[in-house]
Amino acid sequence: MEPNSKQKFIISKKIDEFFIDIYKVFSFISRFFKEAFSPPFEFQEIIKQCYEVGYKSLVLISLTGFITGLVFTKQSRPSLSSFGASSWLPSLVSIAIVRAMAPLITALITAGKVGSHMGAELGSMKVTEQIDAMEVSATNPFKFLVVTRVLAITLMLPILVMYFGFIGMMGSFMNVHANELTSYTAFFKEAFSSISFLDIFSSVLKSIVFGFTVGIAGCYQGYNAQYGTVGVGKAANTAVVVAMFLIFIEEMIIVQFVNAIR
Amino acid sequence: MKNGVKIDRNNRVIFVKDLEKSFGELNVLSGLNMDLFKGENLVVMGRSGSGKSVLIKVISGLLKPDKGVVNVLGQEVDKISTEELQALRLKIGFSFQSSALYDSMTVRENLEFPLVRNLKNIKSKEVDKAIEEVLENVDLPQTINQLPSELSGGQKKRIGIARTLILKPEIMLYDEPTAGLDPITSVEINNLINEVQQKYNTSSLIITHDLTCAKLTGDRVAMIVDGNFLTQGSFDDVFNTNDERIRGFYNYNFINDNTNKKLNNFK
Ligand SMILES: Nc1ncnc2c1ncn2[C@@H]1O[C@H](COP(=O)(O)OP(=O)(O)OP(=O)(O)O)[C@@H](O)[C@H]1O
Ligand SMILES: [Mg+2]
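Sequence order for the protein chains is A and B. UniProt numbering numbers the first residue of the first sequence as 1 and each following residue consecutively. UniProt numbering numbers the first residue of the second sequence as 1 and each following residue consecutively.
With the rest of the complex left out, here is chain B:
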C-alpha cells in the first residue's frame, strides 16, 4: 500500500454519468459512469480502441460528448463558456499518449509556455525557479536546453509530465504513461506518478494497459469493455475473476512467457 495518500471519498473531483460518444457509425462510449475522488489515483484499463483516450479527451473538453454529464471540479465541461473552460483547464494537467512536446521549442521553452501564457505578470525569476523545480521533480535538469528530438521516449514522457505539473494542477490525466517504455523506465514513471499524488495531493486518472503500472499506481482500477466500465475495485478484486475479457490481460502475458521459454530452448 502506498504511504501518505489521503483520499477524500466525500469529494468527487470528476463525475461522469451516462456518457455516450460515437464517431459516425462507431459507438465508442455507451453510457459510461465514473467517479474520481479527491487525492485518488484511478486506473482505467481496456483494450486498444476501447475508447480510453476518447474518455479523457471528453473530460478535458477536447471532444464533445453526445449525451450524458461530464462534471469536472463542479463544472460541466461541455456546457461552460470558452473562458470558463480555459480557467478550468489550468487546474487539469494532461499528459498525452504521444508526449506532444512542441518540437520547435527547447525543453525550457516547452515548460515556460503554459506559465508565461497563463500567468501574465509572472517575473522571469519565478519562471526560472518553477522550471528548475519541475525538472528536479522529473529528474532531468540536464536536458533544459535540448530539443524534444534529442530526447529518448521515456525522457519525452517525463518532460511532458513536467510541463503539465508546472501549473500545479488539481487533477492529472495520464494517457498511457508507460506505453512503449522499458520496464525500468516504466517503474520510474510509476514512482513519479505516485510522488506527484503525494506531494501535490492531486487526483489522477491513469489510462494504461500495463498491469504493473495499474498495480503500482492505482488506488482503484476500472476496466472498459464495450464502451462501459465492466468492473471496478482494487487491483486484486478486478483481476480475481473468471471473466475471459479481463483474464485476457493476464493470459496475454502468460502466452508471452511461454513463447519466451520456447525461444530460449532454441538458443
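Here chain A stands alone, though its shape is the one from the complex:
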C-alpha cells in the first residue's frame, strides 16, 4: 500500500526513491517467505506453473545446450591439440559446462523467457484490475500468483540446468566422436572423472538462487506495475534486465564461496 503521509525527501528525490525501492523489494521477499510457508497451499497451481516454466522452456534449452556443447568443444580443440592434449577435451568440456555454463546460460535464458513472461502477465493483470478482482473475491492474489510462480521456477531451474548439462555433453560427445573417434563410454567416463560432488552441489545451489532471482524479479515488477499499458512493457523489460544483472553478481559471489571451501 502506498505511503499516505505527505513526504519530505531526506537526501534527494532519486536517492530516497532508490532506498525505498530496496526496502520494498525486501518486504516483497519477506512476504513471499511468510506466505509460502503458511497454509492454505496452492499445490494445484504450483504444479501448473512448474509445467508452464519447465515444459515450455524445454525446446529452447535443448537447442542452446546442444549448440553450446558442440561449439565449445570445436573451439577448444585447436589450443588443446597444440599441446598434443586433445584427449583432455572431455574433462575440459565437462568442467566448463557443469561448473559454469549450464547454470549461467540456463538462468539467462529463463530470465529472458520466463521472467519477462511473468512480468508481462502479472503486470497486465495488475493494470486491468484483475489482481484487485481476485482480492475482493476473497482469494489472496499474492499467494495464488506470486508464491506459486516463484516456487515453480525455483524448483524447476535446477532440473533445467541438469538437463542443459546433459544435452551440452551430448553435443560435445558428437563432436569428439566425429573427430577423435572416442566411444560413448570412454567419453563419459573421462568426463565424469573430473567432476566432483562440490561441482554438482555448487551448480544446484546456483540454479536455486538464480531461479528464485528470476521469479522474484518477474513477479515484483509485474505485481507493482504502474497503471497503464506502458507499465506492462516496462515491467517485463525491467524484470529481465534486473534478473540478468543479479544473476552475474550472484554467480561471482557463489564461485568465490565455493572456491574458498574447495
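Derived from the structure by calculation, the hints contain no laboratory data. Accuracy of the hints is not assured; some may be wrong.
[To be verified] Derived DSBU-like pairs (lysine-lysine); straight-line CA-CA distance at most 35 angstroms:
#, chain 1, residue 1, chain 2, residue 2
1, A, 48, B, 120
2, A, 143, B, 125
3, A, 56, B, 120
4, B, 17, A, 143
5, A, 56, B, 64
6, B, 17, A, 48
7, B, 129, A, 143
8, A, 143, B, 215
9, B, 91, A, 24
10, B, 199, B, 6
11, B, 168, B, 199
12, B, 64, A, 13
13, B, 91, B, 6
14, A, 13, A, 234
15, B, 91, A, 143
16, B, 129, A, 48
17, B, 64, A, 24
18, A, 48, B, 64
19, B, 168, B, 6
20, A, 13, A, 143
21, B, 67, A, 24
22, A, 34, B, 123
23, B, 125, B, 199
24, B, 123, A, 48
25, A, 14, B, 125
26, B, 120, A, 24
27, B, 125, A, 56
28, B, 168, A, 48
29, B, 64, A, 34
30, B, 79, A, 34
31, A, 143, B, 120
32, B, 91, B, 123
33, A, 143, B, 67
34, B, 168, A, 143
35, A, 24, A, 189
36, B, 79, A, 13
37, A, 234, B, 64
38, B, 79, A, 143
Following the hints, put chain B with the ligands in place on chain A, whose structure we already have.
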C-alpha cells in the same frame, strides 16, 4: 418508480463517517459521510477524478482510509483481521470499471473461480447449476466457453457482474457499469441492476456519471464534489438546483445536443 423494492431505513449495511483519503499531496476524499440502507440502490455521481472509484475501493478494503470510519455489515473494514476481511468480502460483490475478467480463463472458469475457491466442498453439479443460473440471469448462456478477449465490452461487463453475483452477495458495488456502452446495452445493464436488487434483495452502491443510469437505477442519488457529498436525495431533488457544479452534468448533454444539431445542418 420501481416495483418490488423493499428498503429498510432502519438497517444500514454500509456507513461511512468523516472518511479522508489522500495520495501524497492530492486530497481525494475529505470528510465524506455516507449511508447505504438494506435493499437500497444508492447512486454516487461525480466528475472524473473526483474519487468515486477510490470510495468503493476503500469500502471493499482494497485501499486503506487515512481517517474516519468505514463500517460494512457491522464490521470496520480497516480494523478487522485478514481472515475476517476475507469472510466479509464474500458478502460483497464488486463489479469493476474495467470488468477485470481473468483473461487467461474462459467465461466458465471465470465464474467458477470465486465458487470453487471459497466453497471447498461444493460438488461439481452444484457449480454447473450456479454457473448456468447466473449466465441465464445476465442473458449470456452462449458465451460459456469463450475467452474474455472474444467478448464485446457490454458482454464483458455482464460477465463481470455475473461473476460477482455467483456468491449471492448482500451488497453490490458497481463501478461505472454503463461507461463506454451504447444506449441500448446501457439500458440492459440498468435493468439487470434493478433485477438483481429485486431478486436477491441486495443493497447496491452504483457509481456513474451517466444520467440515465442514475435515474433508472437510483433510489437515492448523491453527488461528490471536492471530496465530499454536496447533496443527496431523489434524482429530481438533486438535479432541481441552480448549483453550477451539478447543472454542469445537464449542460454538458445540452451542449452535445446543440453540436449534434449543427453537425446535422452541415450534412
Ligand atoms: N492508487 C492510487 N495512487 C495514486 N493516486 C490515485 C490512486 N487511485 C486513484 N488516485 C487518484 O485519485 C483521484 C481519484 O481517482 P478515482 O479513480 O477515484 O476517480 P473517479 O472518480 O473514479 O474517476 P473516473 O470517473 O474517471 O473513473 C485521481 O486523481 C487519481 O489520480
Ligand atoms: Mg473510476
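query = Hint by hint, which ones does this structure get wrong, listed from lowest number up?
reply = 5, 6, 8, 25, 35
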